[in-house]
Amino acid sequence: MNDDDFRMEVRQFIEKNYPTELRFMPRRPRWREIKPWVMQLIEKGWSAPHWPTEYGGMGLSPGKLLIFMDEQERWGVARAQDQGVVQLGPIVIRYGTEEQKRTLLPKMRTYETIWCQGYSEPNAGSDLASLATVALIEGDDFVINGRKIWTSSAMDATHFYLLVRTDKTAKKQQGISFLLVDMKTPGITVRGIKNISGSTEFCEVTLDNVRTPRRNMVGELNQGWTVAKGLLGFERINSGSPRRAAFAFNRLEALARERGLFKDAGFVERYTQLHLDVADLKAVYLHFADLMTRGETLGADLSILKILSLETYQRITEFMLEASGDLGLTVHAGGDEEGVDALTPFLVARSGTIAAGTTEIQRNITAKHVLNLPV
Amino acid sequence: MTNSPSPEGADNGTSSLGEMRERLALLRDSVKRFAACEVHVKRGRALRGTRPGYDPDVWREMAELGWLGTMIPERLGGSGLGCAEMAVIGEGLGYALLPEPVTAAVVLAGGALVYGENEALKSELLPALAEGRLVPALAWRENVHRAELLAVDTRAEKTARGVRISGGKCLVVGGASADGFVVSAQGPDGLALYWIPAAAAAPGLSFRELPDGRPVADLALDGVEVADNQRIAGPGVAAAALTRAFDEALIVTSAELLGVCTRALEITLDYLRTRVQFGKPIGSFQALQHRAVDLYIQQRICRHALDDVLSCLQDPELQLDVRSALASRIKARCADASLRITRDAIQMHGAMGYSDECDIGLYLKRAITLSMWLGGADVHRRRYAKLALRELAD
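Sequence lines, in order, name chains E and P. So the mapping is simple: this note's numbering equals the position in the first sequence, first residue as 1, plus 24. So the mapping is simple: this note's numbering equals the position in the second sequence, first residue as 1, plus 639.
If you're looking for bench data, these hints aren't it; they were derived computationally from the structure. The C-beta atom is built at its ideal place from N, Cα and C for all residues, glycine as well. Possibly wrong hints are sitting among the right ones.
Derived Cβ-Cβ restraints for the label pairs, each shown as a range [unchecked claim]:
1. E:379 x P:959: 51 to 61 angstroms
2. P:990 x E:396: 18 to 28 angstroms
3. P:1025 x E:215: 50 to 60 angstroms
4. E:153 x P:678: 25 to 35 angstroms
5. P:688 x E:153: 15 to 25 angstroms
6. E:396 x P:792: 31 to 41 angstroms
7. P:662 x E:253: 34 to 44 angstroms
8. E:28 x P:845: 55 to 65 angstroms
9. E:293 x P:990: 51 to 61 angstroms
10. P:959 x E:153: 51 to 61 angstroms
11. E:49 x P:829: 37 to 47 angstroms
12. P:828 x E:278: 44 to 54 angstroms
No more than 20 angstroms apart at the CA atoms, straight line, and that leaves these computed lysine to aspartate or glutamate pairs for EDC-like [stated by the list, open to error]:
13. E:392 x P:909
14. E:196 x E:259
15. E:392 x P:905
16. E:392 x P:933
17. E:287 x P:933
18. P:1025 x E:288
19. E:68 x E:122
20. P:1025 x E:293
21. E:287 x P:909
22. E:287 x P:905
23. P:1025 x E:277
Here chain P stands alone, though its shape is the one from the complex (with noise of 0.2 angstroms):
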């Protein structure tokens, strides 16, 4: 099994890598111009300890450029597009630190629903979603020290019309704002993914705050009736699909924390280059200058691993497991370099850097955030050992 193509492989590489970029360059100018940055950080900013903690109107902007839809299928309202160009919409959130959930709802709540069998509830929610009129969020985690993505405790019990949840979730993305809830419980007959209206898991929400600012939903269950009609997906079928929406998942927020690095390094280089002390601007210094190196060195790691992880996944026939371990590898990938880069940043500020008001700051709590949600660097190195290295199990 390849985990990316090896040199000897670059000739099949190459040609993909070219093309790709190509084809996604006007997605890219487009969501450059969107992400244009001074605004949307005063805005996040601005929103930072808030519910919804983003902006209504700028979702509905997304909607309008075709964000929301970009991998739902076009005969439900979406542009039927793939993993990569939803990088590149990563890559601009995590830049201008967008405080609107789009990967939460679009890629991991959204994409649970593409790949699950319900085709009503898909002709229902998904063009809502592509048109910004509904926001889902995906409830999976149960424990806040454990994150078991399969194995959980929330029992969905068969009732006359269909079933009964009872569990709590935890840190729920998108759940302080969201019209409805992909559910993960262990139905009858093995695991399945329910949906939940907003009003029937209005009663069980609380709420926290994320290290970025952002709010995130806890969901308390109990006895919800929710009927057949609202299966995502049963036994067979939700297992699969749950795990392909988390990949998916994985591997845009690693391009959202690609984009974090990239303006975190932006913006410290301009630091080195204007602030002056001892009669010189400080980026003359070779310390700062070899250290400023190291970031970027770590910044295009990120740039080109992810490259490599996208082309790889334009494989028409690619394994699920080759899908889960190059999203492993790239979210690992990316949470460390983003956590060095920008607490890295934070120093080569000096003082500026510890303070609120500087937006460095900014960066380095959205880095924390985004490298923590849904699995850490060592939780992902671990994944990875398990999924791609033979000599293991050997």
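Extracted from the complex, chain E is given alone in its bound form (with noise of 0.2 angstroms):
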């Protein structure tokens, strides 16, 4: 099918059956809210785009990808706890043994598992290979002892794959493996932790002697670290499209028309300079769609576009908080009043630049890799 056509089925479906009140939401949905428009992509076939279809995947080309993406971004459609099926599913893909991807797979595709994801610690953050949650050997199992933290949407989910220290003599990186932990094991703790913004997406996740099976490390021991690196070049796209920016741009525009701040020349020069920082934005993003469209691999460079793309969504939330005057004391963090909430997005932005990778980190890895700077 060609990409034209693609991209035509892919929006009928969505315009047709994505609740509506569930676009541009603010905050990621709660499995409950998004359930149900889960289970229609799973019957379409269509719930693990990227995966080969010899697992039950859609084997889209990156091309495609995009398109697919790109479609559900347009029309706000929110991300679903999808961390199984788009990241551990390749994973164990690559890694798993055949019985792994027999058990794992087919329920992860179908939502019937929910996995949620322990990488970060208190003490673990930028400098994750210091990580401490350790798991020994006893007989059959292993047994973990730790603490995750910001583990997105823990609270709903069945499943937990996390990375521990499996030897404490060898260099950071090498004594690291990955497992997987069913949630209901006794001694799991999960606490939600409220944001800023008002929701409570990420929780802390305290490990007490849990127990889980040997058979459910994915990779070899002590190569966890080199399992869990690999991410996905449209996930690592993904997360600097320029939707972010664009569709904060849209409200900071309604807020213009909300108070009559056309009129104002000083608001319209930094309107102005904002709208022309979303479209070379969306410049730099599509030099990167266009490689990955002719099956080029994405290089460190990529990190740029992470760098921009949260960085000018900061830009112009921080300009519609300001705008927004004495109207922004009447909105408060998560409420529901009338008018163009610029509190909120102002807020939820802020997480922008810290989460999967600091842009500090950003631009160390840019600094050594690309412009070859010496460390």
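Taking the hints as your guide, dock the two standalone chains into a single complex.
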């Protein structure tokens, strides 16, 4: 099927079936909210777009994957709790045993199992390799002790994949393993963390002598860092998508109309600058999307897209908050008041430059691997 | 009206981006070889403060390479190509700080001739331009404080055989050695463009120096007689011809600025890698690394925004206003980015950056000159807003 026809098919399905009230959610949806939509995707065979068809995925080419993502973003489709399908699935496909593929993948794809990711710890954020959650071998099990933090949507998850330390004597990355755990296992405590934008989507997960069978290790012992490292091209480019900035800019325009701000020359000047920032951000995104569509590997310079995209998004929300003036005082985070909410997008945008690799880390990576500056 | 292919239009955009890049690869290689730096930067440095401020031999070489005829129709001795090709050349000009006034003569003045309506004059002047035998300059600007492309005070009064032109033009780039001037004036029936050969213009010429050391001319016109057959474009055509030449000059100048950014960044990164203080190359310090990354991001934005603009220009049904908006968009971006990069580059070079001996200062001054020429970032953002943001008109 050619790209244009595929785009139309995806668009029509989304417009027909996606719940209107869930469009452009300012926060991640709870499972109960998004489940009906996900069930429709599963029924259509569209819940694992990037998996090979032999595992029930759509087997989409990079170009079509981009289109699939793009159409969802265009309509404001919320991301379900899809870390299982997006992250764990490809990991199991690449590093898992045949038995693991057989037992894990089907339920992952149909969301019978819902996964959350345990990487960060209170003392291991940017320096993830220093993680200290320990897993000791006892007979046929691993026994896990430690704490994970910033785990997205753990309260809705049935299963958990995590990085643990299995060799304290080895150099940091060399002593890490990749384990799978059932959330119903005794010893697991989940505590939601409320964030400044008013929602509770991140959790702290405490593991107190939690047992998981050894067959729940993916990849070899002490090879977990390698297993977890490979992030998919389209996930990396997705975090740099200009949609967040473009959507925020639309809200800025709505605010401007509401407050009659286009009469103010000073406002118009900064508004124009931000408009051009979004247009040029799209041009940078287009460069990488074009590479991906032509089947080329995305290099380390993709980091610049993430930095630019999230900082542009922040700048727009900062200006929007400023431009909302006294109106901003009437809308509190997470509230339902009328008028354009300038506060929630501003607060939500704060996390963009922190999550999934801070922009400081992205700059370190760019300096070292793209600009070849000495360490 | 689209100002850029948004991601939803990416399907149309992506294949043309890739195709464009492949088509231009050969030209890019040839420009790269010509612009191999050291020679030209030294040359330009020595020519600062002189007139004509460039090397006629190099001008002839550029003619032989076909550069000067890039945007001239084939039937008039050129290659009949467009902005995308000219932008590749422009980038080379900026990268190597070539002093030759290619954009001013070929794109701005040459463009006014090409888009004008005087076929006889075109046949006389354009082949000569393509062959490097004639260097034209466009005199449009009248006021140092205000830049009005289409509203001019210079008057062309009707005479028996043509017009008599009186007024003052300033900041004519390439005017110091021009063989003739394209002059905009308010004619009997509206805005018109006229050709004034150097001999007739000479009495009114005076010169100044641009920040980058190249000469620029002011032209006082005191009843200069111009025959009817020297009118390049009359009312109805003049405004569109002038605007298109202006917009294309904005775009090619933006490409020059991209070249300036690219080389300034390269020089700075080299310095960071080699300058040792406190026992380490200073490029290992995180503050400088992060600053360098931010400059790199600016350069990349210019690169991809320019590609995007050039890709949009390939639309055969492109409207005038859309071209103007695209031109202003990219000029604003490259002006801002190049000033930031070259400013920071001076800082990162420490005291050496402040010395005239160090090349980086030359890049700063070229960035200043090109950023300001034809209007700086703020002028063009305002122009863009007027042309492209419908919500402001509501």
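Against the structure, the hints come out as follows:
no.	hint	in the structure
1	E:379 x P:959: 51 to 61 angstroms	45 angstroms, violated
2	P:990 x E:396: 18 to 28 angstroms	25 angstroms, holds
3	P:1025 x E:215: 50 to 60 angstroms	55 angstroms, holds
4	E:153 x P:678: 25 to 35 angstroms	49 angstroms, violated
5	P:688 x E:153: 15 to 25 angstroms	58 angstroms, violated
6	E:396 x P:792: 31 to 41 angstroms	55 angstroms, violated
7	P:662 x E:253: 34 to 44 angstroms	38 angstroms, holds
8	E:28 x P:845: 55 to 65 angstroms	59 angstroms, holds
9	E:293 x P:990: 51 to 61 angstroms	36 angstroms, violated
10	P:959 x E:153: 51 to 61 angstroms	57 angstroms, holds
11	E:49 x P:829: 37 to 47 angstroms	56 angstroms, violated
12	P:828 x E:278: 44 to 54 angstroms	46 angstroms, holds
13	E:392 x P:909	14 angstroms, holds
14	E:196 x E:259	26 angstroms, violated
15	E:392 x P:905	15 angstroms, holds
16	E:392 x P:933	14 angstroms, holds
17	E:287 x P:933	34 angstroms, violated
18	P:1025 x E:288	14 angstroms, holds
19	E:68 x E:122	26 angstroms, violated
20	P:1025 x E:293	11 angstroms, holds
21	E:287 x P:909	48 angstroms, violated
22	E:287 x P:905	43 angstroms, violated
23	P:1025 x E:277	16 angstroms, holds
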